[in-house]
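Use the sequences and the hints to build the structure in full.
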Amino acid sequence: MWGSLGEREERSAAEYRSRERRQAPMSEVSVAPSAAEPLLRVRGLAKHFPVRTGFRGQSLVRAVDGLDFDVRPGETLGLVGESGCGKTTTGRMLVRLLEPTAGTIEFEGRDITHAGRRQLRPLRQDLQIIFQDPYASLNPRHTVGRIIAMPLQVNGIEPPGGVKARVQELLEIVGLNPEHYNRYPHEFSGGQRQRIGIARALALRPKLIVADEPVSALDVSIQAQVVNLLRQLQRDLELAFVFIAHDLAVVRHFCQRVAVMYLGKIVEIGDRVDIYERPQHPYTRALLSAIPDVTKLGPGGRIRLTGDVPTPLDPPSGCRFRTRCWKAQEICATEEPALVSRGGGQAIACHFPESGPVAGESGGTAGVTVEEVSK
Amino acid sequence: MTRFLVKRLFSAVLTLFAVSVLTFLMFFALPRDPVTGMCPKNCNPERLERVRDELGLNDPLITQYAGYMKGIVTGRDLGSAQGGHCDAPCLGWSYVTNEAVSDTIARVLPVTLSIVIPAAVLWLLLGVGLGMVSALRRGTWLDRLAIGFSLTGASLQLYFVGAVLLLVFVYNLRLLPVPSYTSILDNPVKWASGLVLAWVSLAFLFSAIYARLSRAQMLETLSEDFVRTARAKGLAKPKVYGRHALRAAITPVVTIAGLDVGGALGGTVITETTFGIQGLGRTAVDAVRAGDLPTIMATVLIAAVFVVLANVLVDLLYAAIDPRVRLR
Amino acid sequence: MRPRVVAAAGGAIALVVALGACSKNTGEGTTVDTGRTQTGVIATDPKDSQGPAAEVAGASKGGTFTIIRETPISHLDPQRTYSFAGLMASPLFARYLTTWKDDGKGGLVLVGDLAETPGSDVNKDCKVWEFKIKDGVKFEDGSPITSKEIAYGIARSFDPDLTGGPTYIQEWLADTPQFDTKWDFKKNKGSLPPGLTTPDEKTLRFEFSKPRCDLPFAVSLPTTAPLPPAKDTGVNLDNKPFSSGPYKIADNQVGVKLTLDRNPNWDAKTDPVRHQYPDQFVWTFGPTPDAASNRVIADNGPDQSALAFNTVPASLVAKVAGDAALKSRTILSPTPSANQLVINNQRVKDLKIRQALNYAIDREGLIKAMGGPTVAAPLTTLMPPSTIGYKAYDAYPAGASGNLDKVKELLGGQTPELVLGVSDGATEQIQGTQLKANLERAGFKITLRNIPDDAKLDEIKKKDNPWDLYIGNWAADWPSGASILPVLYDGRTIKPEGNSNQSYFNDPAINAEMDRILAMSPAEQGPEWAKLDERIMKEYAPVVPLFVDVAYNVHGSKAGGVFISSVFGYPAFVNAYVKQ
Amino acid sequence: MSLSPVEGVALAEIESGGPEVPERKDVVGRSPGRLAWIRLRRDRTAMVSGGMLLFFMLLALAAPLIEMLYGIGPKEQFQSLLDGFGMPLGYSGGVSGDHWFGLEPGLGRDIFIRLIYGLRTSLFIAFAAAVITATLGVVLGTLAGYLGGWLDAVINWITDLTLAMPFLVIALALTPTLVLRFYGEREAVSPAFGVAVLIGVFAIFGWTSTARLVRGQVIALREREFVEAARASGAGLGHMVFRQLLPNIWAPILVSFSLAVPQFITSEAALSFIGVGLSDETPSFGRMIYRSLDYLQTDPAYVFFPGITIFALVFAFNLFGDALRDALDPKSSR
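Chains A, B, C and D, in that order, give the protein sequences.
Okay, so the first sequence: first residue is 1 according to our numbering, each after it adds one.
Okay, so the second sequence: first residue is 1001 according to our numbering, each after it adds one.
Okay, so the third sequence: first residue is 2001 according to our numbering, each after it adds one.
Okay, so the fourth sequence: first residue is 3001 according to our numbering, each after it adds one.
Accuracy of the hints is not assured; some may be wrong.
To be verified - Calculated pairs, DSS-like style, for lysine-lysine (alpha carbon to alpha carbon, straight line, at most 25 Å):
1. K2408(C) with K1190(B)
2. K2406(C) with K2463(C)
3. K2240(C) with K2189(C)
4. K2105(C) with K2148(C)
5. K2148(C) with K2231(C)
6. K2182(C) with K2210(C)
7. K2408(C) with K3075(D)
8. K2558(C) with K1190(B)
9. K2445(C) with K3075(D)
In short, the hints are calculated from the structure, not lab data.
Quantities reported herein were computed from a predicted structural model and do not represent experimental measurements.
The structure is reproduced here in C-alpha cells:
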C-alpha cells in the first residue's frame, strides 16, 4: 500500500510543481470547490505579535502567517492542529476580536478586515463565537437570561414576543429548561454552561459560528452531547461553522471540510473523507496516526514525531514542518511549498505529498466508540 | 530591562517636574506673604516692597521658577540678603531660618532616615513574621493573638499610641530618655534610645497592616497548587514554606512596603510632632505655615524623589522576586 | 473570637487612660496670686551701671543649663533680634548700650551696659545724646569693644537685607520710616548714618532733629550690640553671631539645638547684670509646650537643669498647680503682654456699642476657657500693670462675668451684628468660641470669621481690614507708656498697612495730649500716661481690655536663678545657674 | 484518554439532553451577591461589627433628635461646673446624670453631645470621601485597564504623580486659598465648607489605591472569554464596563471601600493634629481627640470617651471589612 501511495505522491509532486509555475500568485489559488459564493473568504490572513526579547530588541511571533480558505453557507470547516499552531488566533481574527496584521477577511463579499465597531454592527448578527472554557465564557454575575439576551441588548434588538420569550426559546433549542432563565452560571455543570454559551451565540441567528474548541474542556461523556447538539443545530438552522479543535475525532464527526494547521500555516485542506482517508501531507498523516484507535495503519504503524514544535518567533526556513519531517529533503529547507489544490477541493503544502488512504478499513462513517477509546 | 529603566526614569523626571510646577503654583495661590513675617511690628509697605524686590518675589512666576530650577542644575547668585552665591544643587535660601536650604535638608534628612529605616525593618520583620506564623498556625491561639494584635494596631492612631507610650515610659516610669535625635555616628546608643519610641509606635501600627496582608497572602499561596505539589513531592516543610510559599506570598508585601517606606521617607509628620523631633516632615509643615517657598520646594521635591524612586525600585524588586513579571 | 479581642483592647486602653486619676475634683486651691507692682527708674548713679552684678544667693558654677522651646529662635543676629525668645537669649552673647537691672519682682532700673551710664541728654532737650563706653569690655576674641563697633552695629541695622529687628533708632536718626533709602548702608560702608558719630573710641553720640526722650530705653534693645566690621558675615551672622557677652556660640544646629559656651574674654567686673554660672547653655527646639513641660516635670537626667521656655499649657496646669512638690519648681508672674478685644473704630463708630461691649465681657469665663489664672489675669486698663506709673481702674465695671443690664440699657433694644475675626490657631479658636457665646448672651449677633494663623496679624494691620472685632496683643519694648499709648492710639500714624494702631482710633485731642506727654522727661511721664489711659477708655472705649498673659514656667529641680523678665514677661537667664 | 468519545454514545444521549444538575423547585437562582450575603449572615463577627456600625450610624443620623432628648446642645457651655483652672468639677471629668461623658475643660461644653455630632461629621466626611475616591478610582482604573495603551500610560503617570504630590502641603494650603475664593471677607465660613474642602483633599489623594486595584482586576478580566463574547457581539464601552466588568469587581471595590472609610476617619483626626481641618465650631473627632490628648494626665476622661469611641468605630469597620472580604471571596477565608 505504501508503495502505491508513493507513486501517486511522485506524480502529484511533479504536477504540483508544474502548476506552481503556471498559477502564481498564491492568492489566485482556488482552494475551495467553486460552488456557491462563499460566505466567508479569507486571503493571506496573518497575525504577528510583537514581543520583547532579552534586554533589547523586539521580534515578531508569527502566530498566523498567511491563511487562505473559504467557508460556504451551511458548511462546517474544521481547523485542526497542535496547540500553538494559530488556530485560536485565527478564530479570534474571524470574529474581529483580534486585529489582523495582514490579509483580508470577506464576509458575504464585504471586506470586514478592518471594519470599525459601527460598520461591524450588522455583521455581528451573522458572525458569532463559542468559546472553549465554559467557566470563563459566562459572566458569573449575570443570570442565564441576561447572558443569552446580551447580544440582543447590545445590538438593540427587540425580538417579537419579547426578550424573555426569545431567551426561553433559545434555552429550549439548546436543550435546557427554559425555567432556568433566572439562574446563575455557577449553578450549572460544564456541559450545561456550554449550552448556554451556544444559546448566546445563536441569539442573533448568525450565519456563521466560530466554535473555538467548544468541547475540549468538557468531560468526555459530555463532549458527545454538545457536539451532537451543534450538529443538529447546524442542520436545523443551516449554520456554517468554523470549528477549531485539536481533537481529530471530534472534527471528523462534525466537519464537512478540514484544514490542518502547522505553525501558523495551513498545510492541508480538503473534504473530511479526503483528509481522513487520503491524507497527503506528512504532518496530517502523523496527526492521524496519533489517534489510538485509528492504528490500523499499514506498515510503520503509528508515526512518532520527534523534536519539539519550533518557536514561532523564528520558524524554520522553507517548509516549516521540515525539522520534524521524515521525508525532508534539501528543497524543503530552501523553498517554501505553496498550498496547491489537488482537485476535489483538497490542497496540500508539501514538496513530497504522500498518497493513498491511511486506513481504508476504517473509512466510511464514524467508527470510534467509547469502548475502543478506553482500550 | 535597560529600556524599562530608561522609560521609567523618564517618567520619574516628568513626575518630579510636574510636582515642582504644581507646588510652585500652589505656593503663589496661597493668601500668604512670606515677606510680612520678616519684619514684625513697625514695618512699612515701602520697605516690604523693597524686600520683595530683593527676593525676586515680584518677578513673573516663570522667571522665578526658571531661576529656582537653574539653581538646582547650575547654582546661582542669590543676592546678599540670601547668602550670596549658592552652588549647585542650589535649593535656595530659607526666608525663615536664614540658612541655605541645602543645609536645612542635610540636617533634617538624616533624622527622618533614622526614624524610618529602623522602623521599617522592625515593622516588616514583625508584620511579615506575625502574618506567616498565624497563617501556618491557622486557628490556634497564636493565630488569634496575631489577628487581635493586628486589628488593634490597624485601628489605633499614632498620636494616641505615641502619647501613651511617652507618658508611660518617659514621664512616669522614666525608663527611656526623652525622644531626641543624636547622630548615629556620634553615639549609637543615644541614637537608638532617643528614637526607639518612634520606631516602636510606627512599627506597631504598620506591622499590623503587614501582618494582615502577609497572612492573607500566605494563606492564599499555601492553598495554591504548586505548594501542594511541592509538599506532595516530599519536600520538607520548612523548605516548601521558606522557599516556595514565602517567595510568592511576599511579592505584594514588597510592593506595599516599598510605597510605604518611600512615602514615609518624605516625612513622618505625625511621628515627628508626637515625639518632638525635627525631621523632614515637620520642616515641610513649618515651611508651609511660614510661607517659606525655598524650603517648601526642597522638602516637597525630596519627598517626591523618594516616592518615585520607591516606585521604580518596587517594580525592579517585583521582577526579581517574581520571574513571571516582564518589564515593559 | 474577635469580639473578645475588641473587649480586651478596649479594656487595655481604658486602663492606660485611667492611670492618671479617679479622684474627685472639688475645685479647691485653684486660685493663684499674680499681683505684682512695677517700679521703674533710670539709673542716675553711675555705680548702678558698674559691674560685677550681685551674686545670686545659692548660685554655683558649672553644669549645663537647658532651655526647651517648641519653635527655634527666629534671629540670633542682634541687629535682627526682636522675638521674645531672641530678646531673652541675646543677653547671653550680646551686650548693648543700656540694659535693665531687673529684680524679677517688678523693680526695674535702666543701667548702662557697655555704656558707663544710661546716656546723657547733652542739651536737656532729648535731641543730643552721648554715651561713654566702659573700659575693659571685649569681644569673644579678646579685642576691645569701642564706640566704633557699636556704631557699626547700629549702621548695619540699616541694611535692608537684615530684616527683622526693631527700627526705633534707625527711624529717629533718619527722621523717616524710610530710613534704609535715606541712608544706604551698602553704599556707605565705612561711614555712619546721619546723626550718629563717634567723636572718640569711648564716645558715641546721637543727634536727632526731634526730641527723642525714650532713647535710653530704645538702646536697651539688641540693635546696639557691637560688631567689628571684619566679623560681619551679613546674613550668615544670624547663625553664628560674634559674642560680646558672657557666652559665645559653640555650635548651632539651626532649628534643633543651640549650644553656648563660656566666653573667657567677658569680664564680670564690667557687667552690671549678667553672670556666668553654668558652663554651658543649651537651647533645644522641637518639643511642643506639652512635651517640654512633661519633660521638665519628669525631672529626668539632663532635664533636671532644664527650663520649659513655653509656659505650662492649660492642659497641664491642674497637674502642676495641684502638685505641692512642684511648687518650688515653678515661676509665676504676670507679663507686660496685654490682650484686647480690639474694636475697629472705623467700622464701629457708635460709642454706646463699644461701651456695651466693655460691659458685656465675661473675663472670668474667658480666662477659665484658656486655663485659668496661671494663663491669664484680667485686665481693665489699656496699659498692663507692669507699666511705669500704672494706675488701676475699671471704666466699665462688668463684674467677673459681665453686666448684662448695663448692656441692655446701652443697646436700647437693638442687636448689633458684628464680625469677629479670629486666627485658626488653637488658642484663638477657643477664645473666639468663648467670646462669641459670651457676646451673643449679652445681645450681640457675632459672626466668627477664621483667618489663617500666620496671616492674621498682617491682615488686621491693614487699615481697611473688613472685621469689626479681633483679638489684639501688645507687648511694649520697654515698660513706658510712651511705647504703648502713642504706638497704639495715635491716629496720625495710621497708614494703609502695617499698623500698630489696630483699632484705627484717631482723636485730635488725644493726639495733642500724647505730644505733650512725650516732650516731658522720661521720669515724669509715668503718671501722665496712666491718666491718659483712663481718659481714653472712659471717653472713647476704643477696645475691650481682656487680660494680660501670665508666665507660668516649670523648671527642673537643679535649675536655679531663672526669673520672669519684668520688661518682656519671659524667663531671663542672666542669673541662671545649675544647682550642684 | 483525552480523545473524544463523541460518536455513538452521544447520539443516544442527546435526546435526553437533561441538565446534569438535579432539578430544583425554585427557578430563581442565587446570585453570587446573595450567596455572599448568606455567608455574611452566618458570620457572628460580621453581625456584631455590622451591628456596631449600624448603631454608630444611627447615632450620627439621629444627632438632632438625641440633642432634643438629651436637652443639651453641642455649643452650650457650663463653665460654672469648672474649677478655676477650667477643669471640670466632680468625678472623672465631670461625669454626671446631666453630663453623661463629662465636660470639656476650658469651654465647659458637654462631651457626650459633641461626640454624637462629631460622629456625624466624621462619618459623613469619611463616607463622602470614600464614595468619591471609589468612584474616581473605579472610573480611572477601568479606563486604564480596559482601554490600555496611551490612556493607561497617562493614568498610570497621574497615579504616580498623585503619590508623589505633597499631601500635607496641599492640605495645609487648600483651605485658606479656597476660603478666599469662595467667601467674602466678612462672611462666616460655613462648617459645610470646611467639610467639603477636607473631602476634596481626601478625594484628590485617596483614589490611587482603588484605581490600581481596579486596573489590575480589569486587566485580568479583559482577556476573559465572557468579556470577549460581549465584544464579539459588538458591545460598546458602556456595556463592557457597566455590564460586564464592574459587576465582577465590585467585591474587591466594596472591601476596599469598607476599609477606606475608617482610614478617612483617622486621617481627619491626623490632619487636625497638624492643624489642618475643621474650625472649632464644627464638632469632629479629629479636633476633639487632638485637643483631648494634651489632657491625658489632668483629665483622662476627656481622652477616654472620644478615644474609645473612635477606636471602637474604626475597629468595627476593620472587623466588618475583613468579614466582608471573607464573605465575598470564600477562598481567602481566615
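These are the hints, each one checked on the structure:
For the hint linking K2408(C) to K1190(B), the alpha-carbon distance of about 64 Å lies beyond 25 Å, and the restraint is violated. Annotation: proposed proximity of K2406(C) to K2463(C) is violated, straight-line Cα distance about 31 Å (limit 25 Å). Distance check on the hinted pair: K2240(C) and K2189(C) sit about 21 Å apart at the alpha-carbon level, within 25 Å; holds. Restraint check: the Cα-Cα separation between K2105(C) and K2148(C) comes to about 36 Å, which exceeds 25 Å; the hinted pair is violated.
With a C-alpha separation of about 13 Å, the suggested pair K2148(C) and K2231(C) falls inside the 25 Å cut-off, and the hint holds. For the suggested pair K2182(C) and K2210(C), the alpha carbons sit about 17 Å apart, so the restraint of at most 25 Å is met. With a C-alpha separation of about 23 Å, the suggested pair K2408(C) and K3075(D) falls inside the 25 Å cut-off, and the hint holds. Taken as a hint, the K2558(C) and K1190(B) pair is honoured in the structure, with Cα atoms around 23 Å apart against an allowance of 25 Å.
A distance of roughly 15 Å separates the Cα atoms of K2445(C) and K3075(D); the hinted pair therefore holds under the 25 Å criterion.
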